[in-house]
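Asks: Chains as they are written, first to last, in this note's numbering: chain F, 1 to 112; chain D, 1 to 113.
Certain hints may be false.
[Unchecked claim] Pulled a few chain F residues facing chain D out of the computed Cβ check, cut under 10 Å: (1) GLN6; (2) VAL19; (3) THR20; (4) TYR36; (5) LYS40; (6) ALA42; (7) PRO43; (8) PHE47; (9) LEU88; (10) TYR98; (11) THR101; (12) GLY103; (13) LYS104.
[Stated by the list, open to error] Computed from the model, here is a short list of chain D residues facing chain F with C-beta under 10 Å: (14) ASP26; (15) MET27; (16) TYR31; (17) GLY40; (18) LEU43; (19) VAL60; (20) LYS94; (21) GLN100; (22) PRO101; (23) GLN102; (24) HIS103.
Quick caveat, the hints were computed from the structure, so don't treat them as lab data.
Using N, Cα and C, we set each Cβ at its ideal position, and we do this for glycine too.
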Amino acid sequence: EDKVVQSPLSLVVHEGDTVTLNCSYEVTNFRSLLWYKQEKKAPTFLFMLTSSGIEKKSGRLSSILDKKELFSILNITATQTGDSAVYLCALYSGAGSYQLTFGKGTKLSVIP
Amino acid sequence: NAGVTQTPKFQVLKTGQSMTLQCAQDMNHEYMSWYRQDPGMGLRLIHYSVGAGITDQGEVPNGYNVSRSTTEDFPLRLLSAAPSQTSVYFCATKGGGRGQPQHFGDGTRLSIL
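Sequences are here, hints too, so could you generate the full structure?
Replies: Structure (structure tokens):
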């Protein structure tokens, strides 16, 4: 059974801090790892990672995958209150499968 | 969330009642799925469909039925609601190709008394 573990489960930081969110996984047939941001409603897509060592970047957010050690990190620099959300890590696994397996999420709170 | 529309946004039911959660998309995506999100449990897959006329079970299918008669619509039916089905339900769609993420609707918050 595929497994996704996120840490920490919650985190409180001050505006301007840099944070690192962790996602480790166990999977029988890895295809890709995805990061989503969830505020009050729908999870919104951030990144999809397929290859090790290639950083994906969007503004102050970046993410990288290590397929040897089976983990990914999501970095947010110069945090803002608008970054407060639950960050979800998910896996596509299995040949031909489009099912996502999610972790429980990391709740990030950014205080002024 | 543009493209995936869920209705209703909120619903309160009594135990034993039935209802249908609606999901419609206008992106011509073949893949559609239903998840439930519970505190401390993350998102769990209920049912999914890879195209019209084709459905399959996910991780937590018991108590739910689905059908897919058109590409656009993928309703989720609760035949006899139970308090354990109190949750937030999300519909998601995915376009063709292996490198595509899933796109989520805004969810339906369902409470069963």
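Asks: Decide, hint by hint, whether the structure agrees.
Replies: Hint by hint, here is what the structure shows:
1. GLN6: holds, 9 Å
2. VAL19: Given a least distance of 20 Å, the restraint on VAL19 (chain F) is violated.
3. THR20: violated, 20 Å
4. TYR36: With a minimum Cβ separation of about 8 Å from chain D (threshold 10 Å), the hint on TYR36 (chain F) holds.
5. LYS40: holds, 9 Å
6. ALA42: holds, 4 Å
7. PRO43: For PRO43 (chain F), the interface hint holds, since the closest Cβ of chain D sits about 5 Å away, which is under 10 Å.
8. PHE47: holds, 9 Å
9. LEU88: holds, 7 Å
10. TYR98: With a minimum Cβ separation of about 5 Å from chain D (threshold 10 Å), the hint on TYR98 (chain F) holds.
11. THR101: holds, 8 Å
12. GLY103: holds, 6 Å
13. LYS104: Given a least distance of 4 Å, the restraint on LYS104 (chain F) holds.
14. ASP26: Hint violated; ASP26 (chain D) Cβ to chain F Cβ min 16 Å, cut 10 Å.
15. MET27: violated, 13 Å
16. TYR31: Result: holds, 5 Å to nearest chain F Cβ.
17. GLY40: holds, 6 Å
18. LEU43: holds, 4 Å
19. VAL60: violated, 12 Å
20. LYS94: With Cβ-Cβ at 6 Å, under 10 Å, it holds.
21. GLN100: Holds - the Cβ of GLN100 (chain D) comes within 10 Å of chain F, reaching about 8 Å at its closest.
22. PRO101: Cβ of PRO101 (chain D) sits 4 Å from chain F, so the hint holds.
23. GLN102: holds, 6 Å
24. HIS103: Holds. Min distance 7 Å.
Hint violations for this structure: numbers 2, 3, 14, 15 and 19, all remaining hints satisfied.
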